[in-house]
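Next come the chains, spelled out residue by residue.
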Amino acid sequence: MSALLQRSPKKSDPAPTKARTAKGAKGGGTGRRRQENLAAYGFLAPWFLGLIIITAGPLMASLYFSFTDYNLIGDHQWVGLENYERMLTDDRLHSSLRVTFVYVFVSVPLQLALALALAMVLDRGVRGLTLYRSVYYLPSLLGGSVAIAILWRQVFGAEGLVNQLLGFFGVQGPGWVSHPDYALGTLVVLNVWTFGAPMVIFLAGLRQIPRMYYEAASVDGASAVHRFWNITVPMLTPIIFFNLVLQIINAFQTFTQAFIVSGGTGGPSDSTLFYTLYLYQRGFGSFDMGYASAMAWLLLMIIAGFTAVNFLASKYWVFYGD
Amino acid sequence: MATETKAPAPSTRRTRSPRTRRLLIHIGLIGFGLIMLYPLLWMVSSSFKPTAEIFREPGLIPWSFTPSNYTEGWQALQNPFHHYLLNSAIVVAGSIIGNLIGCSMAAYAFARLEFRGKRLFFAIMLATIMLPIHVVIVPQYILFAQLDWINTFYPLIVPKLLATDAFFIFLMVQFIRGLPRDLDEAARIDGCGHVRIFCQIILPLSMPALATTAIFTFIWTWNDFFSQLIFLTSPDMYTVPVALRTFVDSSSQTSWGPLFAMSVVALGPVFGFFLAGQRYLVKGIATTGIK
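Line by line, the protein sequences give chains V and B. All letters in the first sequence, in the order written, are residues 1 to 322 by this note's numbering. All letters in the second sequence, in the order written, are residues 323 to 613 by this note's numbering.
There may be inaccurate statements among the hints.
Unchecked claim - One side of the interface only, derived from the structure: several residues of chain B facing chain V at Cβ under 10 Å:
hint, residue
1, I418
2, G424
3, T450
4, R503
5, G515
6, V517
7, F520
8, F547
9, M559
10, V562
11, P563
12, F582
13, L589
14, F596
Unchecked claim - Some chain V residues flagged as far from chain B (calculated, every beta-carbon gap over 10 Å):
hint, residue
15, G50
16, Y84
17, H94
18, S218
19, S269
20, G305
Read the hints as simulated data drawn from the structure, not as lab findings. Since this is a predicted model, take the numbers as computed values, not measurements. In this text, a Cβ means the ideal position worked out from N, Cα and C, and glycines have one as well.
Can you make the complete structure from the sequences, with help from the hints?
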């Protein structure tokens, strides 16, 4: 505010005033509107360009490429639905879908449940709230990095930290990241570990629930469990919904962790072959751009489908007040 | 502390004093926090241990302290590690500048101006937030390959300048909508054009949103692996994540010490920005979650 007040004397600069009144006088209301239209498109010019060149254009192009056979070097050839037909019989694709779905449906609910639980504990006016919040939030900033994936590879390795600790109890743990039954689990743990971001959002949501609801409920003799299910959860449903949509979309796109932990292979025996990792292998390993584009569109459809279902279902469980 | 917890122990659960309760909550929270952070702390400590000890010593104290992992790791790849740090810094700086300019301009139009197609464009902008990069990466790669931009930083920076990180447009729109309108109305009556209102009123008042954008852009770009892996394939152009990746692939069991050391170096700047800007980070995610 004060910065603005200091600046205000400069505004009486006469030059733009003249230009403005000269234009405004002629066109009247419509002139001003036209001018605002022009100004808006000017401000949006970079975004328009980006939309056409970087986002929407490539989106359409990838739809086109998904009907072609293209390896970057030669010309692309129209092959119709062939790429999509190949997807029906591609076992690695099916296994990558299975891996990704298991990951999404196990790790997202666990992550959100943990985030909500801790947000509720912290919301009780605990001293040192900001410190706790920061400590819990830190992993979500680091979790997507290559460095943390490297750490995970060691921690869950055959002689890693986890097995060293288990050794104290006389347990000989397996090489978690190199065992097909456990490798995906280590990545689920990694995703749950980054519960801090949704926790912060839950905390902000909890803050907005009026205290008097709880007080009134307490006076009426409602138990803590009752208050949770009948006040906290309904009031928080918009936030739960927001976190759910966001985390599902994120989880479907997991790449870095799986790539680093498996050394880019998606192993052992494809147990961490995430959909995006397989897409990368097809597109940028074997330069099968047509097939990769078809895969990309399937991913888009899956994510869009889930988001749409989420939005439709939200009518029945999300409570937006009255 | 121990005596305090013990004193009310004989009483039943219901009558536990609020003080004990609070103490128990704190013990729980601290314990949980320690478990969460333990791998990180252990990584930092291990980066000062000889490699053999990393695989034997789950404790946090580097008994045979040595900085040699750092000197060794710094020179382990084709270029010294500061080469990759510099590359990452260039990409990050370009991305921050790009996002600040591109997204704030678009946000001003959406938040303050009336124009034809506004609702449609706003809806499109929101939809692009959810668009997975994997869907557009193949044509983008083909496009940038034709422009001869592979192995340059342009494919990583130019899109930011073109406001393709729509999340930040949304964040700034939300913020600018919260600014009192009388300020720009007054400026308009004084004859200010949109460019001046934007530069001299909206931008200075939007510093918190700009700071949030800068910090998030820093952290996300610094950590970003997927697009850097695709667009940077020559070792001279590698950024930190891509360099670390080649380090993992080339290293045997014996070089985990240097690998840990360089991973700690890679996480350092993110941690620094986190400490410096946590107020903005927390606010940023909280305000986009709730209107």
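Here is what the structure says about each hint:
no.	hint	in the structure
1	I418	violated, 15 Å
2	G424	holds, 5 Å
3	T450	holds, 5 Å
4	R503	violated, 13 Å
5	G515	holds, 5 Å
6	V517	holds, 8 Å
7	F520	holds, 7 Å
8	F547	holds, 4 Å
9	M559	violated, 16 Å
10	V562	holds, 8 Å
11	P563	holds, 4 Å
12	F582	holds, 8 Å
13	L589	holds, 5 Å
14	F596	holds, 6 Å
15	G50	violated, 3 Å
16	Y84	holds, 15 Å
17	H94	holds, 18 Å
18	S218	holds, 15 Å
19	S269	holds, 20 Å
20	G305	holds, 12 Å
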